[in-house]
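Undergrad: Starting from the two chains in their separate frames, assemble the complex, guided by the hints.
Protein chains in written order, with the numbering used here: chain W, 41 to 340; chain U, 6 to 268.
Hints are computed from structural coordinates only; laboratory data are not their basis. Some hints could be false.
Claimed, not checked - A short, non-exhaustive set of chain W residues, derived as facing chain U with CB atoms under 10 angstroms: (1) GLU101; (2) ALA102; (3) LYS123; (4) VAL128; (5) ALA133; (6) ALA136; (7) LEU137; (8) VAL142; (9) GLY160; (10) LEU167; (11) ALA184; (12) ALA237; (13) VAL283; (14) ARG300.
Think of the CB as a built atom: it goes at the ideal place given N, C-alpha and C, for glycine as much as any other residue.
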Amino acid sequence: MSAYVVVAGDAGITEVINAAVKVGGPVTAIVVGSADLAQQVAAPGVDRVVWLGDPGDKPIEAYAPAVGALVVAAPAPVLSGRKPAERVLLGGAAAALQAPVVSSPMDVRSDNGQTVVEHGVFGGIALRTTAYDGPVAIVLDGGAAVNGGGSAAVEQAAASATTSMTVTSLQPNTATAADLGSASLVVGVGRGLKAQADLPIVEALATAMGAELGCSRPVAEGLEWLPRDRYVGISGQQIAPEVYVMVGISGALQHMGGCRGAQLIVSINTDKDAPVVSQSDYVLTGDLYSLVPAITAALS
Amino acid sequence: MKIVVAYAWAPDPQEASVGADGQVDFSRAKPVVSEYDAVAIEVGRQLATATSSALVGISVGGPATGTPVATKAALSRGLDEVMVASDAALADAGTTRTAQGLAAMVQRLGDVSVVLTGDSSVDSGSRMMPPVLAGLLGWPVLSDVQKVSVTADGVTVERLLREGVQQVSVTGPVVLALASDATQPKAPGMKDVLAAGKKPVTKLEVADLGPAVAEGTVVSTAKLTGPARKGIVINTADPAAAAAELVGALRAAGVIGSTGGQA
Ligand SMILES: Cc1cc2nc3c(=O)[nH]c(=O)nc-3n(C[C@H](O)[C@H](O)[C@H](O)COP(=O)(O)OP(=O)(O)OC[C@H]3O[C@@H](n4cnc5c(N)ncnc54)[C@H](O)[C@@H]3O)c2cc1C
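Isolated chain U, as found in the complex (with noise of 0.2 angstroms):
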């Protein structure tokens, strides 16, 4: 049996810059396995050991997803091995195209039990790709995962819902899209590190992942213009002080009452 986890190598979109025409360039971001990725990967690895399965990482991306630096990044999390696509028409790739990659990676491994997924991507952070990805292998799929253990026949989980703690067993394959918390990962070691440059990695072509998917057209890119903000700093030397400057600045736009509380 072999357990799956999808993920992404991509840049921080805090660290990107964004030109006046609203083109993004990322060139001065250092991509990394995508945050919450890194939890999926930990509870996968969990699973791996208590159920003697193998531990597969699988990742559709532009050139950098296969690079030694980044293949090495996520073995060095606790992968056994690891399947790539990256090419530079994978770079800019929406949801549906990149879950068409990874849904074909998983038909190509075979004898996977379940899938497993971050909370959300760094770069897009939309939490669409677990239900595009579960759809096109005609798998159920579930989100909010905090809990899972495998039993003899599937799996349970757990999940934290608005509607209060919900478990589910589920037979047979599953995606699973765990929350942000479900396990705190560890930094790799060194030892981490110099075993993830022995394991094997497989890489794909583009060609491998079905005919793409139609995406949109671009029409035009602008800058976002959010409510000009005024940036006015108060001098906190004496914190009465700028209380007192602050409450009466908020009263004077109406904002608060008077009294306090709202106007």
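Same shape as in the complex, but just chain W (with noise of 0.2 angstroms):
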């Protein structure tokens, strides 16, 4: 056996190689990105990293077709993070390969020559076990930054870019990426919340409790109250923390889905029939315009 990983302009891959090492090695490491990335992902795990080069003015998503070329030319699994060019060159892979895709791994191993993968179905609802004779591509959360400390040395590949995809401008984003993955305790809060105006109730709980504001997802997107990476949830933030209080949040299961890792969870919604009520460890049912401010002041 054999596995490849891809890696698309950013080093948080760890989870990527633990996974990539249980399909079985040698694992090779397909980098996009600048030269320091490709030294920083000669990690313990990786056997080989071959670099197709430093982007430029081309976006990274303009490697596919290069990821594809190299990964026919040995066919072997293939596995990668799940940010946006991240999926882009898994994607090439797999049409490369014609290989299946399968997404959210809880366990991946090497059976028989066979590539065997436990995994949620339907956004997680229920988990299946999937036996793949050849190739397959797998797509999962990435995990922390490695950062160099193998043995491998970088091989440089003569790649080139489809030449029909040119970065014109880019704004950065100078907001520092926030860490939910890591809190310990997070305060989420969703649309239950009737306006931006009223986040400084939500804030103030955070505060009060040292932690992280997390949201739903149209929290972030459509109504942009809080930045895309506080959202929650199988597109957004996987959280574990020890304890995960919901406000206004009706607990839809793509929402769930990123929180199940919580130790306890606290619901807050003036719905006593919203599904994350059967999901809560403290079920509050009212009005989070006079909970949250009460637990607040409680804490303090």
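TA: Here it is as structure tokens:
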């Protein structure tokens, strides 16, 4: 067995490498990004680093065909994180290999030449174990950044990007990235909040608890009350805090898929039948506008 | 020129029931045009109108995808015509098999400048279909697209990424996955629903989609067993008392410190 790890401009691939090692070595990392990134990727568990180059004024996505060409020359399972460019490079590999795609693995192993993946289905409502005879593309949460320390040397490959795409401008996001994934306390806010002007009510609770502030997807996308790296769910952040306080969040399965690892869930919701209620440790049925300030006061 | 929107006719898994053996039963869940695909259709409508292109919906799925209810629901959102492949053999098709069917449709239609998709489908949600579709077509692909405009030889695209706001110019055909909030789709009106019944529907057979790619073999299914939740209901008649009870319980559990803040 052998496996590929596809790296797209970001060293947050600890979990991808771990899964690739379980699929079976040797593990080849295919890197699009800076020369520094290629060095960082040479971490324990990686046997070979193939660097396709620095994208310059091309989007990383322009390297998808190059990744496809590389893996098809020696087919094997391909793994990547789930950030936008990672998914595109992985898709290029899956297309070239005509390989099936599987997402959100809970466990990966190699068994009698097959790659066996235990994974969630339909947004994580049930589990399935699937065995693949040939190559498979596996997309998962990348995890923490790696930083070299392995034994692989970086080989540069002669690859070229698709010429039809050019980045003409980038207005950098200067906000520091939120780190909800490793937070031990998180307060999340949903559409139960009536106006952006009311956010301080929930922020005060987060401050009093010493918690990170998170939210549901519509609060970040659509309403844009909070940055996009603060929403929890299958498409957003995966959190596993000791306590997750959910304020005015209904508990849609796509949201709950991001917080199953929480030790304790507290829900504050006017609707006693909201889906979140049956998935909470502490249920406070009522108006967040009176309950949240009361909890903040009780903490201080 | 044609602008194509790939859409899924799928039930919301929130309404499915899961048996003790992990088998998922969708029989009581009503399929709809997948939530974010409505965004793609709306953006497609605006682009098609601006460029006098035809707007064609394409969909691959189980038998329900080809029913008049399904095709009318998609058409009423502003598509000019749809091409569907619906068959029991495609009901549980994976991303790559579905993308292969969609690629075959794009090739059959010909003269396609852009394929639009939603951010993710309600049933799988892995956001892998657009990249695989583009790979099969040999086209470039970009996700998280907020804005698209058509240029003389392609499109320019604005994306909202963690790194910032990125503008990309693309020449030639491209697959674009739209951000969930690229536009606010309107609910179809009575006139749209009536007009939808008269629009063309082309049906393809499974054989038209090319030989099926290998899918994995399902070894077993299981119910998801998350941590058991306590389900303790705190009386909220008096908010201050409820707050004190909650804070007391969290302190007793040792998850928050005795003076507030983290333990
Ligand atoms: C493919 C796909 C992927 C998705 N991915 C994600 C994801 O990753 N993360 C995510 O969060 N969502 C995701 N969604 C969206 C998800 O389905 C829900 O629409 C969303 O989570 C709902 O957000 P909400 O709970 O804030 O809003 P709502 O569902 O509108 O819930 C608001 C809640 O607030 C309560 N409320 C109202 N007023 C008050 C008050 N005064 N006090 C207390 N409670 C009050 C209501 O009873 C209600 O339960 C996805 C959807 C799709 C289709």
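Undergrad: The structure should be examined with respect to each hint, and the outcome stated for every one.
TA: A quick look at each hint next to the structure:
Annotation: GLU101 of chain W was flagged as interfacial toward chain U, and the flag holds, the nearest CB pair being 6 angstroms apart, inside 10 angstroms. Taking 10 angstroms as the C-beta contact cut-off toward chain U, the hint placing ALA102 of chain W at the interface holds, the least distance being around 6 angstroms. Interface restraint check for LYS123 of chain W: the shortest CB-CB distance to chain U comes to about 7 angstroms, inside 10 angstroms, so the restraint holds. Below 10 angstroms, beta-carbon pairs count as interface contacts, and VAL128 of chain W has one with chain U at about 5 angstroms; its hint therefore holds.
With a least beta-carbon distance of about 8 angstroms to chain U, the hint placing ALA133 of chain W at the interface is held under the 10 angstroms criterion. About 6 angstroms separates the beta-carbon of ALA136 of chain W from the nearest beta-carbon of chain U, less than 10 angstroms, and the hint is met. Residue-level restraint check for LEU137 of chain W holds (minimum Cβ-Cβ distance to chain U is 9 angstroms; threshold 10 angstroms). The interface hint given for VAL142 of chain W holds, since its Cβ lies 7 angstroms from the closest Cβ of chain U, which is under the 10 angstroms cut-off.
Interface restraint check: GLY160 of chain W against chain U, minimum CB-CB distance 7 angstroms, threshold 10 angstroms, status holds. Look at LEU167 of chain W: its Cβ gets to within about 4 angstroms of chain U, closer than 10 angstroms, so that hint holds up. The beta carbon of ALA184 of chain W comes no nearer than 16 angstroms to any beta carbon in chain U, farther than 10 angstroms, and the hint placing it at the interface is violated. With its C-beta approaching chain U no nearer than about 20 angstroms, ALA237 of chain W sits outside the 10 angstroms limit, and its interface hint is violated.
The beta carbon of VAL283 of chain W is positioned within 10 angstroms of a beta carbon in chain U (closest approach about 5 angstroms), and the interface hint is therefore held. At about 5 angstroms, the closest approach between the beta carbon of ARG300 of chain W and any beta carbon in chain U falls short of 10 angstroms, and the interface hint on this residue holds.
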